[in-house]
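Peer 1: One letter stands for each residue in the lines below.
Protein chains: 2
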Amino acid sequence: MRDQAAKFLPLNPATLHILLALAGEDLHGYAIMQEIARQSEGSYRLGPGTLYDNLQRLLGQGVVQERGRTGDSRRRYYRLTALGRGVLTAEIARLESVIHDAKLHLQAGRPGNA
Amino acid sequence: MRDQAAKFLPLNPATLHILLALAGEDLHGYAIMQEIARQSEGSYRLGPGTLYDNLQRLLGQGVVQERGRTGDSRRRYYRLTALGRGVLTAEIARLESVIHDAKLHLQAGRPGNA
DNA sequence: CCCTCATATGTCGGATTCCGTTATATCATG
DNA sequence: CATGATATAACGGAATCCGACATATGAGGG
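From first to last, the protein sequence lines are chains A and B.
First residue of the first sequence? That's 1076 in the numbering used here, and the numbers climb one at a time after it.
First residue of the second sequence? That's 1076 in the numbering used here, and the numbers climb one at a time after it.
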């Protein structure tokens, strides 16, 4: 699984945030946009173009899948597959190591930057 | 500064890794490629196309600048500007919050993924 | 019933970015 | 001065980004 997941890394920001939004619960597209805006406190917003391009690709890659429709017939709910969960987990682990490195370098040498 | 830096976020993976490589010390392009490969233990490699496209853009944005050439006349050394250091710092802070959220959701509910 | 507005998905097309291939120049060695 | 490794850069097709626009459905009021 980790081998499979590794092929998808690194994730671009849009993909990372979509997977993150879906990690908590299954959501439909419009709700994904809202959840990403909420998580970033409004500083990062995905437009529909970027969102649906990405969902289309992720469906094809088997990273997310569509859940059976219930209630509101407009909504298409998406959920992470096992692969998708593995990809997100692997990316988070990778980013932790990136952050670790960054902190070493950002404080070493130049305190006040400039 | 942070306001300025915020305009550049989120960083795509190539940009993040270039800035990270330069956070430690000034490097020339070829060395940036090697440093990124080293930091990721070979799992993420930037080709020259992606690297120089990005450096060109970052120079234009004032995120990195060229240092005076010394020694080997082929090499062009790059360094982070104050803005560049601020951008990297802001992105790292943002990613920490992303990781925090992700960990909540990834362990909640589904322990073993699958 | 309609009419209207918010919700929700999807399309479209230009701009940007990605990224491997190829070209060119310089260094180090013998 | 020949050779091979290092280093930068140009090139061009593919992929992605992303706002604007189009369409369809739901909720609620009159």
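What the hints contain is simulated information worked out from the structure, not anything from laboratory work.
Note that the structure is predicted; figures quoted are calculated from it, not measured.
One thing to keep in mind: the hints can contain errors.
Same chains, same names: a pair is fine if it fits in one copy or spans any two.
Straight-line Cα separation of at most 20 Å, EDC-like style, residue types lysine to aspartate or glutamate; simulated pairs [as the list claims (entries may be wrong)]:
#  : residue 1 : residue 2
1  : Lys1082   : Glu1141
2  : Lys1178   : Asp1128
3  : Lys1082   : Glu1171
4  : Lys1178   : Glu1141
5  : Lys1178   : Asp1101
6  : Lys1178   : Asp1147
7  : Lys1178   : Glu1100
8  : Lys1082   : Asp1101
9  : Lys1082   : Asp1147
10 : Lys1082   : Glu1100
11 : Lys1082   : Asp1176
12 : Lys1082   : Glu1116
Peer 1: Which hint numbers doesn't this structure obey?
Peer 2: Structure breaks hints 1, 2, 4, 6, 8, 9, 10 and 11.
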